[in-house]
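**Q** Protein chains in written order, with the numbering used here: chain Z, 1 to 254; chain V, 1 to 254; chain C, 1 to 254; chain P, 1 to 254.
All the given hints hold, so there is nothing to weed out.
The calculated label-pair distances, taken between Cβ atoms and stated as ranges, are:
| # | chain 1 | residue 1 | chain 2 | residue 2 | range |
| --- | --- | --- | --- | --- | --- |
| 1 | Z | Gln11 | V | Tyr124 | 41 to 51 angstroms |
| 2 | C | His243 | Z | Ile21 | 19 to 29 angstroms |
| 3 | Z | Glu163 | V | Asn19 | 28 to 38 angstroms |
| 4 | V | Gln11 | P | His154 | 56 to 66 angstroms |
| 5 | C | Gly153 | V | Asn19 | 48 to 58 angstroms |
| 6 | Z | Ser58 | V | Gly167 | 32 to 42 angstroms |
Quick caveat, the hints were computed from the structure, so don't treat them as lab data. Ideal placement from N, C-alpha and C gives every residue a C-beta, glycine not left out.
Protein chains: 4
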Amino acid sequence: MEMLTEEGVEQAVQVCRDNGIDGLVVIGGDGSFRGGLALARHGINTIGVPGTIDLDISCTEYTIGFDSAVNTAMEAVDKVRDTSTSHERVSIIEVMGRNAGYIALWSGLAAGAEDVLLPEKYDYDEQVIVNQIIERRKRGKKHHIIINAEGIGHSQAMAKRIEAATGIETRATILGYMQRGGSPTCRDRVTGTIMGAMAVDLLAEGKSSRVVAVRGGNYIDLDFEEALAMQKEISSYEVDLVHSLSYTLINVQK
Amino acid sequence: MEMLTEEGVEQAVQVCRDNGIDGLVVIGGDGSFRGGLALARHGINTIGVPGTIDLDISCTEYTIGFDSAVNTAMEAVDKVRDTSTSHERVSIIEVMGRNAGYIALWSGLAAGAEDVLLPEKYDYDEQVIVNQIIERRKRGKKHHIIINAEGIGHSQAMAKRIEAATGIETRATILGYMQRGGSPTCRDRVTGTIMGAMAVDLLAEGKSSRVVAVRGGNYIDLDFEEALAMQKEISSYEVDLVHSLSYTLINVQK
Amino acid sequence: MEMLTEEGVEQAVQVCRDNGIDGLVVIGGDGSFRGGLALARHGINTIGVPGTIDLDISCTEYTIGFDSAVNTAMEAVDKVRDTSTSHERVSIIEVMGRNAGYIALWSGLAAGAEDVLLPEKYDYDEQVIVNQIIERRKRGKKHHIIINAEGIGHSQAMAKRIEAATGIETRATILGYMQRGGSPTCRDRVTGTIMGAMAVDLLAEGKSSRVVAVRGGNYIDLDFEEALAMQKEISSYEVDLVHSLSYTLINVQK
Amino acid sequence: MEMLTEEGVEQAVQVCRDNGIDGLVVIGGDGSFRGGLALARHGINTIGVPGTIDLDISCTEYTIGFDSAVNTAMEAVDKVRDTSTSHERVSIIEVMGRNAGYIALWSGLAAGAEDVLLPEKYDYDEQVIVNQIIERRKRGKKHHIIINAEGIGHSQAMAKRIEAATGIETRATILGYMQRGGSPTCRDRVTGTIMGAMAVDLLAEGKSSRVVAVRGGNYIDLDFEEALAMQKEISSYEVDLVHSLSYTLINVQK
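Extracted from the complex, chain Z is given alone in its bound form:
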């Protein structure tokens, strides 16, 4: 937080100088990059590396940590789906993603969830969900899985309302911080290694105020300010795909 103030930045710059730090690699998201930009303006060579499980850094197609988090979420959903037996059940699994629904979308697509609620898209019309659960039950579908991004949250309250409305046992699983832990997957380790090496190479060339990123499928580096000004959106094709795969039956009937 101190990095948002001029005194905080000057203090950080002084710490770097006192400790003989010639170059800094800042790993994080846009907030960390703004801090890095401030340090760079004060003459500390700084390179940014995008690291967050949420995937919501606009300048890059991939952020270190996403693959590990999304596999953790997917494995949890797999295990919940395994428990479908003769009992009817609705399961709500709350995954991380305060502003962005990438983890919800990917884990939902991967584990075949019936509903994926994204902060960017959800219209809070729970009746639609309730109706579809009832429709599917009529067609013999026993287990209905809803992936709920934490940006929407309140999964236990949602579970109570859905159980009351459908008469079907509904339970919430809140995955929480386990999505930030575990042994990193291969993609995260390799991406982290390559991006780290590129950051070091840039510092060794005396560069500063750059962020390493993946764009167009390639590893490149961008100016901090340019990177911070970028926008990106979640893929509509992928969002629609979740619904197509789970609602096919309903759509056909209509």
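Place chains V, C and P on chain Z using the hints.
**A** Leaving out everything else, chains V, C and P in the frame of chain Z:
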């Protein structure tokens, strides 16, 4: 539920006769065994096999499903522990175990939780937990993990109270039904295979009203009624061990 | 194999017509795409989807199956590395990759292997490896891990020669077909889902003789012939990175 | 090795005295316990804890490390089995177990292997295996899995011979040291914690020359000499079970 009534049992018996079922293997807990006992009294050869993730079937030292569930819980706690960084945090992880704290105890011991709350033992004195969190923080301990059995439950409310009382960020993870899923571990597959084979062997010998169990480290079979009358308790040594391992620092200071 | 002959292709075309097959999705590598191209020329609408654990289909940056395979290999290397204790040891782990070293490269980078032998690059100068093992031992390094792609192979014979030359216990692990199995990772499930959906969309539009691919970080479709004519090479940056990370000590000393 | 000589033992005793070591916990197998016994005779309080992945310490029903190793082996076999498609294949998976076949037996039972070759039992009559592979193929069985304990070994040579004799593609996977690594399972962590605590409790009571063990399903402690004199055998019931489950079809036909 119908198996608790005489008509329900007679209906089940008729279904067995209509379908030429000579013998039945009932996999479950005490409730399932009572149903099996009723069928056996009506002449359907029935053998019970203990299956529950909770480990709380008194006649046996092991129940099919426990090892898989407790490893799922432990891996979740491992991942939460990984997230300890420079931030102080209290994490509450709610695991299954309505009446019995075996899953909480084993996952807590295995993952080094600071507190394990068991339905059989918890005195609901939250102030003790709060004091210990504060004590530990003074000694530099950054991450405090509490495993809460669902029989105590209300983990999100507990998290709010603890955060208010300690000023440390406190989050709850509710593992839910994922503890009932996943690929079975080796111990569950082998135990299931052996117990299943023994059940078949017993039926082949014309036996009935028996349950396969592990006692004294060996696979044996018991009379249903004898098994249902047994009692067992969670190990005090193991419960005390959780506390010794985590409270050593506090105890030494005292 | 029959698809390489005109009779084979005509037979396949007839089978499609007899069974009312309007469109075909061919999942595999270049061989499968050539077969698909032949069918398309005979009027069966065919779309290709790139699937192989080896990543060696030139028209695309990603092939379904690679992520799962490379994580299996990496986890095996992780487990071997865990066994380093007071004993000195050289471990050779043979991974899949007959013509291409992508699995070896990624698992080697991810698990910090000292040597990665790639079919595209290996010069069969084992003395260099032996010398480096001896150099490192002098500097206190106890465990030396070599990832050997199956295209080079003969890991057990290599182990014997290295043990004879260095005097250090050397064992080979041959991962084999386990790299083709296991539950697919999130990336493989999502990529498979998206590519499958795109293939269906293309067939629904009456398209034929196209292959879905990832190029420039985006999902696109290409003409079969265009795709089959493409070339690609393993990244030199990544290959050099393996060596930089493990040989830093040696290079500095020189 | 030095612990087998009197000078070696006296040196070890001196090291303990020089470093003010009051008590020692020796974790390993019979060899480690003999060393511990020697130290105890010289007045160093020593307690043994059984640790080996092989399960072949006679005084105890469980040894720390077995569960983790056997799950690693089982997961590898699971992945190999996944690869069964339209191709016929024979897979040989070599697991650890120089003198004892516990890992082979448990992973074979758990993963449904057709053959499990144990050092204690194998008669080296490969023709029997070959005949059964051919029999099964006639009945439509596509994938034949053989678990081979390293005490028998030579899996790649066995693969060549079987491929030549049956005409079916046969590949060997050598799991090697990965069976000694990985994150310990819950059972290993809990058993290790309990046995470690018991060892400390014994030392705190001034005891010596004891080994902690599991017997009759309970944790107890035994005199070193008594423990070293014990014998145990692999369960015939379990060995026969592997064969019953896989050879049922053949036996019925006979």
